[in-house]
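Residue numbers (the UniProt record's numbering), protein chains in the order written: chain A, 1 to 183; chain B, 1 to 183.
Think of the hints as simulated: they come from the structure by calculation, not from any bench. Hints should not be assumed to be uniformly reliable.
Pairs count within a copy or across copies, as identical chains cannot be separated in the list.
Said to hold, decoys possible - Derived pair list, reagent style DSSO-like, types lysine-lysine, alpha-carbon separation capped at 30 Å:
| # | residue 1 | residue 2 |
| --- | --- | --- |
| 1 | LYS86 | LYS2 |
| 2 | LYS126 | LYS175 |
| 3 | LYS86 | LYS61 |
| 4 | LYS61 | LYS175 |
| 5 | LYS126 | LYS61 |
| 6 | LYS92 | LYS175 |
| 7 | LYS61 | LYS92 |
| 8 | LYS92 | LYS164 |
Protein chains: 2
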Amino acid sequence: MKRATAQSMRNAFGAECAAHMRYLLFSDQAAFENFPNIARLFRALAFSEKVHASSHYRQTKELLGEYCVNFSAPFILNRTVDNLTKAFESEKEESEEYYQPLAAGARSQGEMHAAQSFEWLAQVEKAHSDMVRRALDALEHAAEDPEIGELYVCDICGLVMEEKPPENCPVCRAKQFRFRLIE
Amino acid sequence: MKRATAQSMRNAFGAECAAHMRYLLFSDQAAFENFPNIARLFRALAFSEKVHASSHYRQTKELLGEYCVNFSAPFILNRTVDNLTKAFESEKEESEEYYQPLAAGARSQGEMHAAQSFEWLAQVEKAHSDMVRRALDALEHAAEDPEIGELYVCDICGLVMEEKPPENCPVCRAKQFRFRLIE
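Starting from the given sequences, assemble the full structure and let the hints guide the process.
This is the structure we're talking about:
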């Protein structure tokens, strides 16, 4: 893998590791506020970010070594309504202002596998932001834990779906059995 | 919290999030090679790094915002014997070349709570490196999964103990009930 693309991958690994941890903390906070469905939504997002981090890590494995990792991340741990707002903003930003340009950069280097991976993630993070937006609207409207159906996460691209997954993942075409139900 | 100490805390948060994820991947690899005890040791280390990341995140919460995170990390995913070797080296390095100077820096700014937290972590990462060294020696000697007793992790400072924990954590003095048994 070309050096610039590999470094993008490592930075994205760092960002995804941090997002994974942030969503675990947001989930604990939601459980504390007695919002079990939102806590479950954050667990689904945390698992999705773990899938992304793991994928990024494995893709750079040909260039073993010690590397610097740089990324920007929100530091917030507040009431659940604020955490959801920040999650919505950062998922949207990750799609438009992070993975889309990373995909273009990887494509310009001829790194088509990395480019496709970044493109999938741009789609996945966009889907997440829509899902978080719906949960946020519901919470703001009713001021109680919103109804959220069963959540499934694709363990190839990390897509979270609030319905029984179809035969193939709509983003990465992985088979249905790759989806994991989040408890 | 003073700005330099807060930035150290955020960088350490990033490093711990990445270490958490790396140990989860190492654990999967150890399980794949049929080393269930080493897989469990890596799960204990992953949980410990999660305790650290969570603690760092919570300590910076008065300075909410979007911040850059910078750290250096090993990128390796190999045979378990290599992963253990890298884990030994990086735990030792984290103690001596990371948390000890961070603690001195925080102390110089009068940030005594942060300094104590960094000092605890220097001790904890040192204890981890010794534990990983023993597992590595046993694996290299017998070429089979080494015997490892029950593993308990303090959920305040992240100390991993291979024995029933005493009344108080030897590092942070937390009560015995704070230790979690790793399955």
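Results of checking the hints against the structure:
no. : hint              : verdict
1   : LYS86 <-> LYS2    : between (33 Å within a copy, 24 Å between copies)
2   : LYS126 <-> LYS175 : within (21 Å within a copy, 44 Å between copies)
3   : LYS86 <-> LYS61   : between (32 Å within a copy, 14 Å between copies)
4   : LYS61 <-> LYS175  : within (25 Å within a copy, 41 Å between copies)
5   : LYS126 <-> LYS61  : both (27 Å within a copy, 27 Å between copies)
6   : LYS92 <-> LYS175  : within (26 Å within a copy, 42 Å between copies)
7   : LYS61 <-> LYS92   : both (29 Å within a copy, 23 Å between copies)
8   : LYS92 <-> LYS164  : within (24 Å within a copy, 46 Å between copies)
Checked against the numbered hints above, the structure violates none of them.
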